[in-house]
Amino acid sequence: MTENTEFNYQLPQETYERLAAFLGERYKDYQDPWGFDPKTFLKAVKILYPLYKGYFKVRVFGIEDLEMKPYIVVGNHSGQLPIDAMLISMAFILETKNPIVLRAMIERFMAQLPFIGKVSAELGSILGDRKNCQYLLEHGESILVFPEGVRGVSKNTKDYYKLQKFSTGFCRMAIKNKIEILPVAVVGAEEMYPFVYQAKKLAKFLKLPSFPITPLFPLAGPLGLVPLPSPIDIYIGKPYQLPTELSYDASENLIREHVYKIETKIKALLNQGLKNRRPFFDDIRKPVWDFFGKLNRK
Amino acid sequence: MTAEKKELKILIIGMAGGLAQLTSRLILKNNPHAKILGIDSRDLSQCPKLKGIEYMRMKYSRGNFENIFRSFEFDIVFHLARVSHSSNKNDDVSKRLDLNLMGTNRILSLCLSFKVKKLIILSTYHVYGSLPDNFVFIPENSPLQASIHYPELRDVVEMDQLCTGWMWKNQKEMSTVVLRPCNIIGTQIQNAITKYLTGRLTLNPVDFNPMFQFIHEFDMASILERAIEELPTGVYNVAPNDFISIKEALEQVQGQSIPFPVSLGKPINKLLKFFGMDVPDYFIDYLKYSCLIDNQAIKKHLGEKFYRYNVRETLDLISMR
Numbered sequence: 002m003t004e005n006t007e008f009n010y011q012l013p014q015e016t017y018e019r020l021a022a023f024l025g026e027r028y029k030d031y032q033d034p035w036g037f038d039p040k041t042f043l044k045a046v047k048i049l050y051p052l053y054k055g056y057f058k059v060r061v062f063g064i065e066d067l068e069m070k071p072y073i074v075v076g077n078h079s080g081q082l083p084i085d086a087m088l089i090s091m092a093f094i095l096e097t098k099n100p101i102v103l104r105a106m107i108e109r110f111m112a113q114l115p116f117i118g119k120v121s122a123e124l125g126s127i128l129g130d131r132k133n134c135q136y137l138l139e140h141g142e143s144i145l146v147f148p149e150g151v152r153g154v155s156k157n158t159k160d161y162y163k164l165q166k167f168s169t170g171f172c173r174m175a176i177k178n179k180i181e182i183l184p185v186a187v188v189g190a191e192e193m194y195p196f197v198y199q200a201k202k203l204a205k206f207l208k209l210p211s212f213p214i215t216p217l218f219p220l221a222g223p224l225g226l227v228p229l230p231s232p233i234d235i236y237i238g239k240p241y242q243l244p245t246e247l248s249y250d251a252s253e254n255l256i257r258e259h260v261y262k263i264e265t266k267i268k269a270l271l272n273q274g275l276k277n278r279r280p281f282f283d284d285i286r287k288p289v290w291d292f293f294g295k296l297n298r299k
Numbered sequence: 002m003t004a005e006k007k008e009l010k011i012l013i014i015g016m017a018g019g020l021a022q023l024t025s026r027l028i029l030k031n032n033p034h035a036k037i038l039g040i041d042s043r044d045l046s047q048c049p050k051l052k053g054i055e056y057m058r059m060k061y062s063r064g065n066f067e068n069i070f071r072s073f074e075f076d077i078v079f080h081l082a083r084v085s086h087s088s089n090k091n092d093d094v095s096k097r098l099d100l101n102l103m104g105t106n107r108i109l110s111l112c113l114s115f116k117v118k119k120l121i122i123l124s125t126y127h128v129y130g131s132l133p134d135n136f137v138f139i140p141e142n143s144p145l146q147a148s149i150h151y152p153e154l155r156d157v158v159e160m161d162q163l164c165t166g167w168m169w170k171n172q173k174e175m176s177t178v179v180l181r182p183c184n185i186i187g188t189q190i191q192n193a194i195t196k197y198l199t200g201r202l203t204l205n206p207v208d209f210n211p212m213f214q215f216i217h218e219f220d221m222a223s224i225l226e227r228a229i230e231e232l233p234t235g236v237y238n239v240a241p242n243d244f245i246s247i248k249e250a251l252e253q254v255q256g257q258s259i260p261f262p263v264s265l266g267k268p269i270n271k272l273l274k275f276f277g278m279d280v281p282d283y284f285i286d287y288l289k290y291s292c293l294i295d296n297q298a299i300k301k302h303l304g305e306k307f308y309r310y311n312v313r314e315t316l317d318l319i320s321m322r
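The listed protein sequences derive, respectively, from chains A and B.
Residue 2 is where the first sequence starts when you use the numbering used here, and the numbers rise one by one after that.
Residue 2 is where the second sequence starts when you use the numbering used here, and the numbers rise one by one after that.
Rather than coming from a laboratory, the hints here were simulated on the basis of the structure.
A couple of the hints might just be wrong.
As the list claims (entries may be wrong) - Straight-line Cα separation of at most 20 Å, EDC-like style, residue types lysine to aspartate or glutamate; simulated pairs:
id, chain 1, residue 1, chain 2, residue 2
1, A, K132, B, D295
2, B, K196, B, E249
3, B, K118, B, D134
4, B, K306, B, E230
5, A, K202, A, D160
6, B, K274, B, E153
7, B, K96, B, E141
8, A, K262, A, E246
9, B, K118, B, E174
10, B, K36, B, E55
11, A, K40, B, E252
12, A, K29, B, D134
13, A, K177, A, E139
14, A, K179, A, D250
15, A, K40, B, D208
16, A, K54, A, E65
17, B, K301, B, E141
18, A, K44, B, D208
19, A, K268, A, E258
20, A, K239, A, E258
21, A, K40, B, E153
22, A, K29, B, E249
23, A, K132, B, E55
24, B, K116, B, E153
25, A, K132, B, E159
26, A, K208, B, D134
27, A, K179, A, E68
28, A, K70, A, E181
29, B, K306, A, D30
30, B, K10, B, D99
31, A, K132, A, D160
32, B, K96, B, D44
33, A, K40, A, E26
34, A, K44, B, E249
35, B, K248, A, D38
36, A, K239, A, E15
37, A, K132, B, D44
38, A, K166, A, E108
Since this is a predicted model, take the numbers as computed values, not measurements.
Okay, chain A solo, but in the shape it has when bound (with noise of 0.2 Å):
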């Protein structure tokens, strides 16, 4: 387990030179189709990593056995925003032993949102289309995949933690690829916006893939998107490696048997961060209490 234990929020600078190696080494002969730089990944890393550490806290469990090699990282989508999928990305960046970037897969809406599209290109994400992928995989890269889609990011409060149904896209990307998927589980996410309902007819009516009403959004406007600052925990399962005799075209019904392992690998990673997540707000709570206990003292 890797957790922060030093109140000092920069990105340390000997982490940052080792970054910048291996970004450098790594990606030295590869042009990227879709505008992924290395330079502004790095920098993205130095600007979020206070918040990384500092503001959502994450602690990253089962990172250690990861071996250097490409997987399809499959993970549970939480949060309204895709603020899990940052996270992931860095912890797979700053805490294995060897970097791995992720290329996270995207919904089209997002890609074609102007800014946004173009930021979270330069930082490495795609259009999820199995053709992109398979490119990727071609050239050693790994994958990040919410096999959940947009089902998983925008749920009502009362479906917090409750599995959406996986696509299989990515299980038969593997199979192609002889490569193994590494499930993840992020806790903490989904109460960055501890109440949300989902106005699915209003969504659908501004052509959006949904819209979340919080006590603050769209109240408050861009302000109420704001996350809370919710201590968050990511747990890597161990690497799944699917049978070598399964066949990319292989019937729905036996690639859906592997999804189910996969998805309740999840789960139980879920569970377990259930049990062991901190109480929410406790980091704030504390150090205020702490200075009215120490004033009570005098």
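Dock chain B against chain A, hints included.
Then chain B, alone, in the frame of chain A:
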């Protein structure tokens, strides 16, 4: 070259274009005994007078066009006369439909009737459309989606489909090659992308940064020339291996550019039209989403290195104009 090849009679339709002129010179260089007839509805008086090339100004949708097939007995026909979409003017639409569809249909029929050995048609990668869900790299058998979103490209898509359908139907009678090149740029090319890159004041997208493939006009002419001998019947994407983001391309050309959000491109374009500085509507989406094409099919026949200039060299060459 065999004796038969030395006597090649070649028709180039669209001869007033820079690419056609480059191609004709390359053909003559490699086959000095070839006889080329270049025709165009545009003025040909500025075309260089070279031994082996004859020019005729005519519309290929007119009756006398058939007579030249009868008189010359062509072996090879290059159809490079697709009317481009560098303007949105409404009166262009009917002209484009007439030339690109009816004219092409006429060329195809005449080639078949007069037993032309090979027909080489220049289409464009624009037929695939610039869509947010485009994957990389788009192969030749992908659906041609451009006309769904851009009605102004309907004739280009239909022309391509007309040619490919016709090609497979008549493959036993004659060999047909349809080329779908990426952005052809060069000092002699006057298409929308060349104008955009080399404009005195270019709009530089700030909210999108799509990837582009560019091929130099010389390389394109060379591929057209090699298509005579080396490309069998089929559809081929033409693009180099490398690509570049539009931001980097503009930096490479080193023109003056002003940042602007492409998301506002369509309303801005309406304003530009008012001042007569119109940009084709579809072109705005090409500045938003990448449309990268796959070059595996052409590589199988022309080899791994079938072009001379990489993307940066190509851009350097046009920045010198």
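Here's how the hints hold up against the structure:
1. K132(A) x D295(B): Within the cut-off at roughly 12 Å; holds.
2. K196(B) x E249(B): holds (17 Å)
3. K118(B) x D134(B): Distance ~39 Å between K118(B) and D134(B) Cα, so the pair is violated.
4. K306(B) x E230(B): At roughly 17 Å apart (the allowed maximum being 20 Å), E230(B) and K306(B) satisfy the hint.
5. K202(A) x D160(A): At roughly 18 Å apart (the allowed maximum being 20 Å), D160(A) and K202(A) satisfy the hint.
6. K274(B) x E153(B): holds (15 Å)
7. K96(B) x E141(B): violated (28 Å)
8. K262(A) x E246(A): Distance of about 17 Å is within 20 Å: holds.
9. K118(B) x E174(B): holds (8 Å)
10. K36(B) x E55(B): Since the Cα atoms of K36(B) and E55(B) sit roughly 8 Å apart, the hinted pair holds (cutoff 20 Å).
11. K40(A) x E252(B): Given pair K40(A), E252(B) holds - Cα atoms ~18 Å apart, limit 20 Å.
12. K29(A) x D134(B): With Cα atoms ~28 Å apart, K29(A) and D134(B) exceed 20 Å; violated.
13. K177(A) x E139(A): Answer holds: K177(A) to E139(A) is near 11 Å, not above 20 Å.
14. K179(A) x D250(A): Cα-Cα ~14 Å, so holds.
15. K40(A) x D208(B): Within the cut-off at roughly 19 Å; holds.
16. K54(A) x E65(A): holds (18 Å)
17. K301(B) x E141(B): Distance ~14 Å between K301(B) and E141(B) Cα, so the pair holds.
18. K44(A) x D208(B): Distance ~19 Å between K44(A) and D208(B) Cα, so the pair holds.
19. K268(A) x E258(A): holds (15 Å)
20. K239(A) x E258(A): holds (18 Å)
21. K40(A) x E153(B): violated (39 Å)
22. K29(A) x E249(B): Roughly 17 Å separates the two Cα atoms, so the pair holds.
23. K132(A) x E55(B): Given pair K132(A), E55(B) is violated - Cα atoms ~48 Å apart, limit 20 Å.
24. K116(B) x E153(B): violated (34 Å)
25. K132(A) x E159(B): The given pair, whose Cα atoms are some 26 Å apart, is violated under the 20 Å limit.
26. K208(A) x D134(B): holds (16 Å)
27. K179(A) x E68(A): Holds - the C-alpha atoms of E68(A) and K179(A) are around 15 Å apart, at most 20 Å.
28. K70(A) x E181(A): holds (9 Å)
29. K306(B) x D30(A): holds (18 Å)
30. K10(B) x D99(B): Given pair K10(B), D99(B) is violated - Cα atoms ~27 Å apart, limit 20 Å.
31. K132(A) x D160(A): Roughly 32 Å separates the two Cα atoms, so the pair is violated.
32. K96(B) x D44(B): Holds, because 17 Å separates the two Cα atoms, which is no more than 20 Å.
33. K40(A) x E26(A): Answer holds: K40(A) to E26(A) is near 12 Å, not above 20 Å.
34. K44(A) x E249(B): Holds: K44(A) and E249(B) sit about 19 Å apart, inside 20 Å.
35. K248(B) x D38(A): holds (13 Å)
36. K239(A) x E15(A): The hint is violated at about 29 Å.
37. K132(A) x D44(B): Violated, at roughly 46 Å.
38. K166(A) x E108(A): holds (16 Å)
Hint compliance for this structure: hints 3, 7, 12, 21, 23, 24, 25, 30, 31, 36, 37 are broken, all remaining hints hold.
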